[in-house]
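> One letter stands for each residue in the lines below.
There are 2 protein chains.
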Amino acid sequence: MENFNFYSPTEFVFGKDRENECGKYVKKYGGTKVLVHYGSGSAIRSGLLDRVKKSLEAEGIAYVELGGVQPNPRDTKIYEGIDLCRKEGVDFILSVGGGSCIDSSKGIAAGVCYDGDFWDMYEGKAPVSAALPIGTVLTIAAAGSEGSGASVVTKEEGMWKRDIGSDIVRPRFSILNPALTCTLPAYQTACGATDIMAHVFERYFTNTPEVEVTDRLCEAILLTMIKETPRVIEDPNNYEARANIMWAGTVAHNDIIGVGRSQDWNSHKIEHELSGLYDCAHGAGLAVVMPAWMEFVYKHNVMRFAQMAVRVWGCEMNFENPEETAVKGIKAFRKFLSEIGMPINFEQLGAKEEDIPELVRKLGVEGKTGGFVALSPEDVAEIYRIAVRAK
Amino acid sequence: MENFNFYSPTEFVFGKDRENECGKYVKKYGGTKVLVHYGSGSAIRSGLLDRVKKSLEAEGIAYVELGGVQPNPRDTKIYEGIDLCRKEGVDFILSVGGGSCIDSSKGIAAGVCYDGDFWDMYEGKAPVSAALPIGTVLTIAAAGSEGSGASVVTKEEGMWKRDIGSDIVRPRFSILNPALTCTLPAYQTACGATDIMAHVFERYFTNTPEVEVTDRLCEAILLTMIKETPRVIEDPNNYEARANIMWAGTVAHNDIIGVGRSQDWNSHKIEHELSGLYDCAHGAGLAVVMPAWMEFVYKHNVMRFAQMAVRVWGCEMNFENPEETAVKGIKAFRKFLSEIGMPINFEQLGAKEEDIPELVRKLGVEGKTGGFVALSPEDVAEIYRIAVRAK
Chain A
1 MENFNFYSPT EFVFGKDREN ECGKYVKKYG GTKVLVHYGS GSAIRSGLLD
51 RVKKSLEAEG IAYVELGGVQ PNPRDTKIYE GIDLCRKEGV DFILSVGGGS
101 CIDSSKGIAA GVCYDGDFWD MYEGKAPVSA ALPIGTVLTI AAAGSEGSGA
151 SVVTKEEGMW KRDIGSDIVR PRFSILNPAL TCTLPAYQTA CGATDIMAHV
201 FERYFTNTPE VEVTDRLCEA ILLTMIKETP RVIEDPNNYE ARANIMWAGT
251 VAHNDIIGVG RSQDWNSHKI EHELSGLYDC AHGAGLAVVM PAWMEFVYKH
301 NVMRFAQMAV RVWGCEMNFE NPEETAVKGI KAFRKFLSEI GMPINFEQLG
351 AKEEDIPELV RKLGVEGKTG GFVALSPEDV AEIYRIAVRA K
Chain B
1001 MENFNFYSPT EFVFGKDREN ECGKYVKKYG GTKVLVHYGS GSAIRSGLLD
1051 RVKKSLEAEG IAYVELGGVQ PNPRDTKIYE GIDLCRKEGV DFILSVGGGS
1101 CIDSSKGIAA GVCYDGDFWD MYEGKAPVSA ALPIGTVLTI AAAGSEGSGA
1151 SVVTKEEGMW KRDIGSDIVR PRFSILNPAL TCTLPAYQTA CGATDIMAHV
1201 FERYFTNTPE VEVTDRLCEA ILLTMIKETP RVIEDPNNYE ARANIMWAGT
1251 VAHNDIIGVG RSQDWNSHKI EHELSGLYDC AHGAGLAVVM PAWMEFVYKH
1301 NVMRFAQMAV RVWGCEMNFE NPEETAVKGI KAFRKFLSEI GMPINFEQLG
1351 AKEEDIPELV RKLGVEGKTG GFVALSPEDV AEIYRIAVRA K
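Chains A and B, in that order, are what the protein sequence lines are.
Per our numbering, the first sequence runs over residues 1 to 391.
Per our numbering, the second sequence runs over residues 1001 to 1391.
It cannot be assumed that every hint is accurate.
No more than 27 Å apart at the CA atoms, straight line, and that leaves these computed lysine-lysine pairs for DSSO-like [claimed, not checked]:
| # | chain 1 | residue 1 | chain 2 | residue 2 |
| --- | --- | --- | --- | --- |
| 1 | A | Lys33 | A | Lys87 |
| 2 | A | Lys27 | B | Lys1053 |
| 3 | A | Lys155 | A | Lys125 |
| 4 | B | Lys1328 | A | Lys227 |
| 5 | A | Lys54 | A | Lys87 |
| 6 | A | Lys125 | A | Lys269 |
| 7 | B | Lys1391 | B | Lys1227 |
| 8 | B | Lys1054 | B | Lys1016 |
| 9 | B | Lys1299 | B | Lys1368 |
| 10 | B | Lys1328 | B | Lys1362 |
| 11 | B | Lys1227 | A | Lys227 |
| 12 | B | Lys1269 | B | Lys1331 |
| 13 | A | Lys28 | B | Lys1027 |
| 14 | B | Lys1125 | B | Lys1269 |
| 15 | A | Lys328 | B | Lys1391 |
| 16 | B | Lys1033 | B | Lys1053 |
| 17 | B | Lys1331 | B | Lys1227 |
| 18 | A | Lys28 | B | Lys1028 |
If you're looking for bench data, these hints aren't it; they were derived computationally from the structure.
Everything numeric in this text was worked out from a predicted model, so none of it was measured.
All chains, full assembly: derive it from the sequences and hints.
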């Protein structure tokens, strides 16, 4: 096991009706003037936004609002948020939405405290050294942004997707009410589930030996997703299944299951170019990329893929031919994705084979990019081509 | 799943040589005058205490020392610590040792900030409302106290064992170097492993339905312990196995695997009277009590015990007779405990059947005590009797 630090100070407030306590938690964490940041109209239509505002009012906390965060959140909204916060003297950001909304909130929170163009931080030209405190009311189990220091933002001009990672933008509290996710359409639910599973796989495929405890924890989350996802696709109002998925989504990405081991993250990078170019859902892009990536790299460590096949997908181990077991596991994953309604190839995603050179160019892979297996631009192109052909 | 809050703000600093950074972390968390609290002479003999002091000196941090914490830490040492801290103007406690040492440190930290007798808090007569900040350098993987708000202390007069639980006494940071545990004798190592597994089982046996994610996380920790414990018993210097056990021990008890479900904790209560009366190791007492408790309660939910047998102990499910599978799982647990060198009955522990009425009396069970199965005093006596006969 490698040396590591693990720090996850976010207070998670989980369960039915907990959004009605958001005012109390904003107060607890020092907010006096709040930016309520949200995405689509569904937070308005469902009455969620009203409940949030009522909870703030009950605590006598002033607020301003900024809605309209898009999936794959844009830099333009963040500039707007930074201006609004400065003008209104906002000292706390309350993010009501999914990963895109929370990622946008993190950009605003850091941007308000930075003198230059906030995009500098996303391009790695400036460190994140201060941010307004953030709280969240999560509406989609997917990105894990409610318990992480990560934020991914798209620059509208050129559709560049870049990220930051810093404890400074970790939410102070995150309210997780599984019931809020019951209104999600099946497609978005499945996208979220795929994202959660991908967060585990990015950690699972490691070159660090002897990491049984985190291996087992990773498998625990995957087994949960395999059981619970089809249940919510079949019955969107299954609160218990929604609750299991929601906690799995948080645990999958606050890194308690990924510490002390090398991680991969190439599938995320390869996917980011798909959602950057086609503006598709991140989870849908991952469903296309991740099994293709697995097929490209599995020979690097056949026994690890066999372990996944046996422990996660319940395949019988073929002791005479472990490679057959490894391949079966990857096939089981793709079959599962297809069954929950995810695209599994370029056509189903709405991507085009002829764009592959452009996708590779934008990814900007110079030389080899590390992780489980270092990939050259040509390797990345081949992974995209596998994803074209997949069925 | 039940509503819950999860809050684990401790910064975990894990890996080889990390104790040399303790001065840096004390500084980070605001300490200027430190009580270095430790247990036995082994911290001195191994040179650990010297490295800790050197690290404090390198940061220019003043300190006083208080050693001699016993296993099953005593109120008398805590009174001594409180006096010393007040006299010396200590503002931070650095605990160098195992669970007993950390529990003692929590008692001192809370006691310094309380006007009356600190024991009031352990008897539930006063809340824990303030405490000095605490950091730890862990030397035994067992109690999970490095990542919890719990502290168990024994009142020397009458050997009463009582506890507190409060976020206020959670360590600010905990340094976990698995190499520090390599010098532990096999018996203490096995006691620690048993304690870790017991922390999982106390959460695993729940009456809350539909808690797949935490079930699977619990099973992940148990599977890790079943793999890694025999390896460290065989080769005490196996760093990788020690590392897996150490992280498992922390995850087992910071409650990320136990949220949203009813928990039991009767085995811990029943054990506390054994270690209270005989001053035996807590883990050894648990090895005697826990399988006996399982045998007494398994009929309450045969399928849950069958799940443990199949998923944790690798038993074949007997679909015609699940009870047989359930019983096999319990037997496998006791066999495992015996194989790692733990006592499994009263005689091996040094306990006496004739003391059972006294043990039950001191536990002070009035009416029924809750958890997975509510137990009457007679039920507790029967569990002790099962533990007498076990082999």
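> B/Lys1269 and B/Lys1331: Cα distance at most 27 Å?
22 Å, holds
> Holds or violated: are the alpha carbons of B/Lys1033 and B/Lys1053 at most 27 Å from each other?
12 Å, holds
> Does the structure keep A/Lys54 and A/Lys87 at a Cα separation of 27 Å or less?
23 Å, holds
> Is B/Lys1227 within 27 Å of A/Lys227, Cα to Cα?
With Cα atoms ~25 Å apart, B/Lys1227 and A/Lys227 stay inside 27 Å; holds.
> Assess, step by step, whether the Cα of B/Lys1391 is no farther than 27 Å from the Cα of B/Lys1227, and give holds or violated.
Since the Cα atoms of B/Lys1391 and B/Lys1227 sit roughly 23 Å apart, the hinted pair holds (cutoff 27 Å).
> Check the hint pairing A/Lys155 with A/Lys125 against an upper bound of 27 Å on the C-alpha distance.
15 Å, holds
> Measure nothing beyond the straight line between the CA atoms of B/Lys1328 and B/Lys1362; if it is 27 Å or shorter, mark the hint as holding.
33 Å, violated
> Straight-line Cα separation of A/Lys328 and B/Lys1391 no greater than 27 Å?
Violated - the C-alpha atoms of B/Lys1391 and A/Lys328 are around 44 Å apart, more than 27 Å.
> Keeping to a limit of 27 Å between CA atoms, is the pair of B/Lys1331 and B/Lys1227 held or broken?
The hint holds at about 17 Å.
> Verify the proposed pairing of B/Lys1299 with B/Lys1368, using a straight-line Cα cut of 27 Å.
18 Å, holds
> When you check the alpha-carbon spacing of A/Lys28 and B/Lys1027, does it fall within 27 Å?
Roughly 25 Å separates the two Cα atoms, so the pair holds.
> For A/Lys27 and B/Lys1053, compute the direct alpha-carbon distance and say whether it is at most 27 Å.
Given pair A/Lys27, B/Lys1053 is violated - Cα atoms ~40 Å apart, limit 27 Å.
Checked against the numbered hints above, the structure violates hints 2, 10 and 15; every other hint is satisfied.
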